[in-house]
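Asks: With the first letter of the sequence shown counted as 1, position 9 gets the number 95 in my numbering; the numbers rise by one all the way through.
Hints in this document: simulated from the structure, not taken from any laboratory.
Just so you know, even glycine gets a beta-carbon here, dropped at the ideal spot from N, CA and C.
Accuracy of the hints is not assured; some may be wrong.
[To be verified] Simulated DEER-style distance windows between Cβ atoms:
no. : residue 1 : residue 2 : range
1   : 113       : 87        : 39 to 45 Å
2   : 113       : 88        : 36 to 42 Å
3   : 87        : 107       : 38 to 44 Å
4   : 90        : 110       : 26 to 32 Å
5   : 112       : 92        : 37 to 43 Å
6   : 108       : 88        : 28 to 34 Å
7   : 108       : 87        : 29 to 35 Å
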Amino acid sequence: PYLAVAGWITLLFKSHITQAYLDWILG
Numbered sequence: 087p088y089l090a091v092a093g094w095i096t097l098l099f100k101s102h103i104t105q106a107y108l109d110w111i112l113g
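Generate coordinates for the entire structure from the input sequences, incorporating the hints supplied.
Replies: In structure tokens:
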């Protein structure tokens, strides 16, 4: 299950980064 957890965390991390980037771009 370690790979599944790592993949899920990575997905959440990417989503968080994308949201932060969009928030920064949109001001």
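Asks: Between residue 90 and residue 110, does the C-beta distance stay in 26 to 32 Å?
Replies: 31 Å Cβ-Cβ, so the 26 to 32 Å window holds.
Asks: Can you let me know if the beta-carbon spacing of residue 113 and residue 88 is within 36 to 42 Å?
Replies: The hinted range 36 to 42 Å holds for residue 113 and residue 88, with Cβ atoms some 39 Å apart.
Asks: Just tell me: holds or violated, for the beta carbon distance of residue 108 and residue 87 against 29 to 35 Å?
Replies: Between residue 108 and residue 87, where Cβ atoms are some 31 Å apart, the hint holds.
Asks: Would you say the C-beta atoms of residue 87 and residue 107 sit inside 38 to 44 Å of each other?
Replies: Taking Cβ atoms as reference, residue 87 and residue 107 lie about 30 Å apart, which means the hint is violated.
Asks: Determine whether the Cβ-Cβ distance between residue 113 and residue 87 falls within the hinted range of 39 to 45 Å.
Replies: holds (40 Å)
Asks: Please test the hint of 37 to 43 Å on the beta carbon pair from residue 112 and residue 92.
Replies: With Cβ atoms ~30 Å apart, the hint is violated.
Asks: Are residue 108 and residue 88 spaced within 28 to 34 Å by their CB atoms?
Replies: holds (30 Å)
Consistency with the previously given hints fails for numbers 3 and 5, ordered from lowest to highest.
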